[in-house]
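2 protein chains.
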Amino acid sequence: MEFKISKELIQELEQLILSKNDLQLGVLLNDLHHADIAEILDELDFDEATYIFKVLDSEKTAEILLELEDDLREKILSRLSPKEIAEELDELETNDAADIIAELSQSKKQEVISELLDVEHAKDIVDLLRYKEDTAGGIMHKELVKVYENWNVLTCIKEMRIQAENISRVHSIYVVDEEDRLLGRLSLKDLLTTSAKTPISEVYIKKLNSVRVDAEDVEVARIMQKYDLEAIPVIDELGRLVGRITIDDIVDVIKDEADQDYQLAAGITQDVEAGDSILELTKARLPWLLIGMVIEIIASFVLKSNESAFQKYSTLIIFVPLLSATAGNIGVQASAIVVQGLANGSLKEFSRDYFSKEIAVAMISGTIISLMLLGYHTFMYGQFKVGLAISISMVVVILFAATLGTLVPLFLNKNKIDPAIATGPFVSTTNDVFGIILYFWIAQMILGF
Amino acid sequence: MEFKISKELIQELEQLILSKNDLQLGVLLNDLHHADIAEILDELDFDEATYIFKVLDSEKTAEILLELEDDLREKILSRLSPKEIAEELDELETNDAADIIAELSQSKKQEVISELLDVEHAKDIVDLLRYKEDTAGGIMHKELVKVYENWNVLTCIKEMRIQAENISRVHSIYVVDEEDRLLGRLSLKDLLTTSAKTPISEVYIKKLNSVRVDAEDVEVARIMQKYDLEAIPVIDELGRLVGRITIDDIVDVIKDEADQDYQLAAGITQDVEAGDSILELTKARLPWLLIGMVIEIIASFVLKSNESAFQKYSTLIIFVPLLSATAGNIGVQASAIVVQGLANGSLKEFSRDYFSKEIAVAMISGTIISLMLLGYHTFMYGQFKVGLAISISMVVVILFAATLGTLVPLFLNKNKIDPAIATGPFVSTTNDVFGIILYFWIAQMILGF
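Heads up: the protein sequence lines correspond to chains F and A, in order.
Quick note: the first sequence uses this note's numbering, first residue 2, plus one each step.
Quick note: the second sequence uses this note's numbering, first residue 2, plus one each step.
Hints listed in this document are in silico derivations from the structure and should not be mistaken for laboratory results.
It cannot be assumed that every hint is accurate.
Repeated chains share a single entry, so a pair holds when one copy, or any two copies, can fit it.
To be verified - Computed list of lysine-lysine pairs in PhoX-like fashion (alpha-carbon distance at most 20 Å, straight line): (1) LYS147 - LYS198; (2) LYS84 - LYS417; (3) LYS305 - LYS76; (4) LYS256 - LYS227; (5) LYS147 - LYS159; (6) LYS415 - LYS5; (7) LYS227 - LYS61; (8) LYS159 - LYS305; (9) LYS227 - LYS5; (10) LYS159 - LYS133; (11) LYS8 - LYS55; (12) LYS386 - LYS313; (13) LYS208 - LYS5; (14) LYS147 - LYS415; (15) LYS147 - LYS386; (16) LYS313 - LYS76; (17) LYS417 - LYS76; (18) LYS8 - LYS349; (19) LYS386 - LYS305; (20) LYS208 - LYS61; (21) LYS415 - LYS133; (22) LYS284 - LYS358; (23) LYS84 - LYS133; (24) LYS208 - LYS227.
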């Protein structure tokens, strides 16, 4: 059912490119979906990809451009003249076109815009460029179907046919007043079942969710998911209808957000992927490694200053890795649950109920782990009192890590920092160090070294 | 624009429940969206929530049921008779109804099904219960609009009006043959612009993506995203149209998948959230803590057997936390990039190119970190040779961790295990232990203890 790239296909294409057999290339590729062609181009080398790109017509290549990996798109765009880029953009929906323009250099941007043929389209694109990427304005389309409340169903259907020409999915028909202020909506289904002369003002639905153009994209995603919407109109400060966001745009927002959280949790600062360059990958990863290093330097001080203690009680030092790993793990677990709670709205701020629950979980886990450790230590090394000191420290460290793990993401969130950072290396190494400090401190109190 | 729960509203509702003022409760709540009412019920205590639930009519409560948090839904369902539950389910779409039935006990399931009034609806629901949760069959709806190829546009519009009654979003009209085998689709827009007598066979689009009923849900999500689809028809082994999946179902699949990856990365085995009980939270978290503990016990052996070495070269031991943290961090980073590459399809299997790149990143990061460490050690503690041993070990450990971090998720993926486990505590603690073993082994070779 679904297209699959084969080695044979790639080889055949390479042969055809070599022999400049444009006709056969067209036959092979024109029936494929643009997303599949993009996948093929990603597999070919750059010159081959560019060759194919120039063979296909702009209706197809415009869509392909959107699906390519960033690197290849950038390279191909660099080979096209402003006029050629403008031809591609004329085929695209406004927000897709705006996204591509936004990637261009400032000077090329202007040239491309001045080459756009469709003036209305160009105006819409320029309009969209004004909005910040992560706002409703940054993800909305200009394409939508709108009708005036003083029309009747017949005028409406006629006008709609014209407007819908350029729109792949109609979803809702928005009803506005003479000032373009959003009043409500009509569904296609309603139009099909209402008599032609009925005035729109009598049939439209007045209740309608909308978002302001400056709303955050993740907020829009939350609202659309909560109310199960497939499209939401976007209004400006004066309540005028300026655009529309559809659920497929939101799918991207949700995925990006999830990817970013996952990357933060893994200690990767920038949005990188397997295809990026060594330099980009290093730049995204080295900072967290260095931060971890600096924090763990503190741990080396703590160990150094407790040297005499673990020379006397040698088992004290050998359980340090176990202690830090456990502290790190429980801290990250605690943070992850808070981060997801904040994301899905089930946690909003510090809650005494939730905190008590977390402490109870940590207490139970800590007790089980410590008793096992005490048993193991006594069995292996005798020295019950040392084992007891280690085990009690363990419980305290676990409680501390759970507390830090719960509070840090709440604190970050309150200060408008992405709380997912708390599940990354920064907090787990911090937990490490505090854990080691607490460990020796408690051991010292019990063993009196 | 959007509804916000206020303390005043909650207090007012509690007052009205106390004085059994059902009329006023209805006035306050009937205008709210079911997702908002669900949010309110989650804030109230169980008896109050049940009271409100019984005051509202079943058209509304059925939708509310879907939006409630799992715990509250389970409790409320336990208070309802099979007949009452069946009344709720009669209001719901087939897959939502099937999801709720699936949560009931085996005996209650049968009773509820036998109480369903609409026989067709009941048949569809029972049909859906056969499919596994994480397949196309498990997430599809039975609700769809289908027409036969031998109809004309007029019959089609008439039939559609009847079928569309029960469907909130039409998207596509599917065209089938007499055996119900899927042939293609019609868009609403096409219907609006074609003359009434045209036979369907002349206007429908034959090219159409579809998925088999046993396809994995994440695979369906991938296809729908790749081809930017808002709905996809589901066919059985014989090519017969059996259901439809819409993009809002896919949003849930994507979110669940992302949440699960994030939780695995944080060392949480089951799908838990902030609202779950202490027992559930502990059950999801303790296993990974214990696994981490067992692995770190190995580290304690390694340290124990190298006791004499770090009694001689004391700085050897104090950098162990730094070494393990760095190994853990770089391993998790490496795994996270592979996991995301596998998820978005940019990595499919072991790739020499990608692996070389990862090793280069690790080599650069490792060299920078080791040189800094060597400088620091020499400055703080003198003993250049010991510092050199520590630094060289560090580079090797980092390379090893990057290798393990890259290979483990690829291996897991090949063996059909979720590769996100690799970014969790299991691999980072394993990296810890291997790191410590390598560290002392290399130090021994250089320092000769």
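We went through each hint and held it up to the structure:
1. LYS147 - LYS198: For LYS147 and LYS198, the Cα distance is within 20 Å only inside one copy (18 Å; across copies 29 Å).
2. LYS84 - LYS417: neither (42 Å within a copy, 48 Å between copies)
3. LYS305 - LYS76: Neither: 53 Å inside a chain and 56 Å across chains, both beyond 20 Å.
4. LYS256 - LYS227: both (17 Å within a copy, 13 Å between copies)
5. LYS147 - LYS159: within (12 Å within a copy, 26 Å between copies)
6. LYS415 - LYS5: Between copies only: 19 Å across, 47 Å inside.
7. LYS227 - LYS61: between (35 Å within a copy, 16 Å between copies)
8. LYS159 - LYS305: neither (82 Å within a copy, 84 Å between copies)
9. LYS227 - LYS5: between (36 Å within a copy, 13 Å between copies)
10. LYS159 - LYS133: neither (35 Å within a copy, 46 Å between copies)
11. LYS8 - LYS55: neither (22 Å within a copy, 62 Å between copies)
12. LYS386 - LYS313: Within one copy only: 13 Å inside a chain, 27 Å across chains, cut-off 20 Å.
13. LYS208 - LYS5: So LYS208 and LYS5 pass the 20 Å test across copies only (16 Å; inside, 45 Å).
14. LYS147 - LYS415: neither (39 Å within a copy, 50 Å between copies)
15. LYS147 - LYS386: neither (79 Å within a copy, 76 Å between copies)
16. LYS313 - LYS76: Intra 64 Å, inter 57 Å, cutoff 20 Å: neither.
17. LYS417 - LYS76: neither (36 Å within a copy, 36 Å between copies)
18. LYS8 - LYS349: For LYS8 and LYS349, the Cα distance is within 20 Å only across copies (14 Å; inside one copy 51 Å).
19. LYS386 - LYS305: between (23 Å within a copy, 19 Å between copies)
20. LYS208 - LYS61: Between copies only: 17 Å across, 39 Å inside.
21. LYS415 - LYS133: For LYS415 and LYS133, neither the intra-copy (22 Å) nor the inter-copy (41 Å) Cα distance is at most 20 Å.
22. LYS284 - LYS358: For LYS284 and LYS358, the Cα distance is within 20 Å only across copies (14 Å; inside one copy 39 Å).
23. LYS84 - LYS133: neither (26 Å within a copy, 52 Å between copies)
24. LYS208 - LYS227: So LYS208 and LYS227 pass the 20 Å test inside one copy only (16 Å; across, 33 Å).
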